[in-house]
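What the sequence shown shows, in our numbering, is residues 123 to 259, in sequence order.
Please keep in mind that the hints were generated in silico from the structure rather than gathered at the bench. Check before you lean on any hint, since a few could be wrong.
What the hints assert, rightly or not - No farther apart than 20 Å at their CA atoms in a straight line, the calculated lysine to aspartate or glutamate pairs in the EDC-like style are these:
#1 K167 - D148
#2 K182 - E199
#3 K134 - D148
#4 K140 - E227
#5 K182 - E147
#6 K214 - E227
#7 K214 - E195
#8 K182 - D141
#9 K214 - E250
#10 K182 - D148
#11 K182 - D143
#12 K162 - D143
#13 K140 - E151
#14 K214 - E228
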Amino acid sequence: MSNNESQYLSNKYRDEWKDRDQITEDQIEHFIQQYLGELKDGTWKSGGWQHMYTGYSNTKVALNAYTSVLAREVGPETEKVYVNCFNPGFTKTNLNDYQGHNTLEEAAMTGIWLALHPPGGPHGKYLEQQNWGITAW
Numbered sequence: 123m124s125n126n127e128s129q130y131l132s133n134k135y136r137d138e139w140k141d142r143d144q145i146t147e148d149q150i151e152h153f154i155q156q157y158l159g160e161l162k163d164g165t166w167k168s169g170g171w172q173h174m175y176t177g178y179s180n181t182k183v184a185l186n187a188y189t190s191v192l193a194r195e196v197g198p199e200t201e202k203v204y205v206n207c208f209n210p211g212f213t214k215t216n217l218n219d220y221q222g223h224n225t226l227e228e229a230a231m232t233g234i235w236l237a238l239h240p241p242g243g244p245h246g247k248y249l250e251q252q253n254w255g256i257t258a259w
């Protein structure tokens with residue numbers, strides 16, 4: 123897990139999800155249901171969840187974890203389907219009143235690169251915008 127992603131997890135999930143290649147769909151479902159249950163009964167703050175942008179953060183973590191699961195299922199053996207996710211960075215949009223750092227064009231570059239990369243490119247990875255390197259999570 124990258125430091126960006128792991129900061130949103132309680133210690134329980136941070137330890138349990140250290141190796142993204144071992145995460146299962148059932149673990150992701152449990153993570154989501156645990157959060158929703160604590161949100162519903164009002165105990166989420168004491169449950170170790172991130173207090174700022176909690177729903178947003180948890181959905182991003184679940185999406186990134188599911189990328190690993192899906193990548194294992196469809197594998198690049200045929201080199202026809204690659205599964206990855208990426209962070210476009212803090213982008214200027216109406217969601218943040220255009221306070222972001224990246225233009226839409228800059229934010230799209232990693233996605234374009236992923237769509238056009240040659241066979242043998244990244245698979246089941248989480249990439250950071252303009253890093254072009256693959257992060258651990």
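Checked hints:
1. K167 - D148: violated (23 Å)
2. K182 - E199: Violated. K182 to E199 sits at ~27 Å, over the 20 Å cutoff.
3. K134 - D148: Answer holds: K134 to D148 is near 16 Å, not above 20 Å.
4. K140 - E227: violated (33 Å)
5. K182 - E147: Satisfied, since the Cα-Cα distance of roughly 15 Å is no more than 20 Å.
6. K214 - E227: holds (10 Å)
7. K214 - E195: violated (35 Å)
8. K182 - D141: holds (17 Å)
9. K214 - E250: holds (17 Å)
10. K182 - D148: The given pair, whose Cα atoms are some 17 Å apart, holds under the 20 Å limit.
11. K182 - D143: Satisfied, since the Cα-Cα distance of roughly 17 Å is no more than 20 Å.
12. K162 - D143: Between K162 and D143 the Cα gap is close to 30 Å, so the pair fails against 20 Å, i.e. violated.
13. K140 - E151: Measuring from Cα to Cα gives roughly 17 Å; hence the hint holds.
14. K214 - E228: Cα-Cα ~10 Å, so holds.
Hints 1, 2, 4, 7, 12, counting from the list given before, are not met by this structure.
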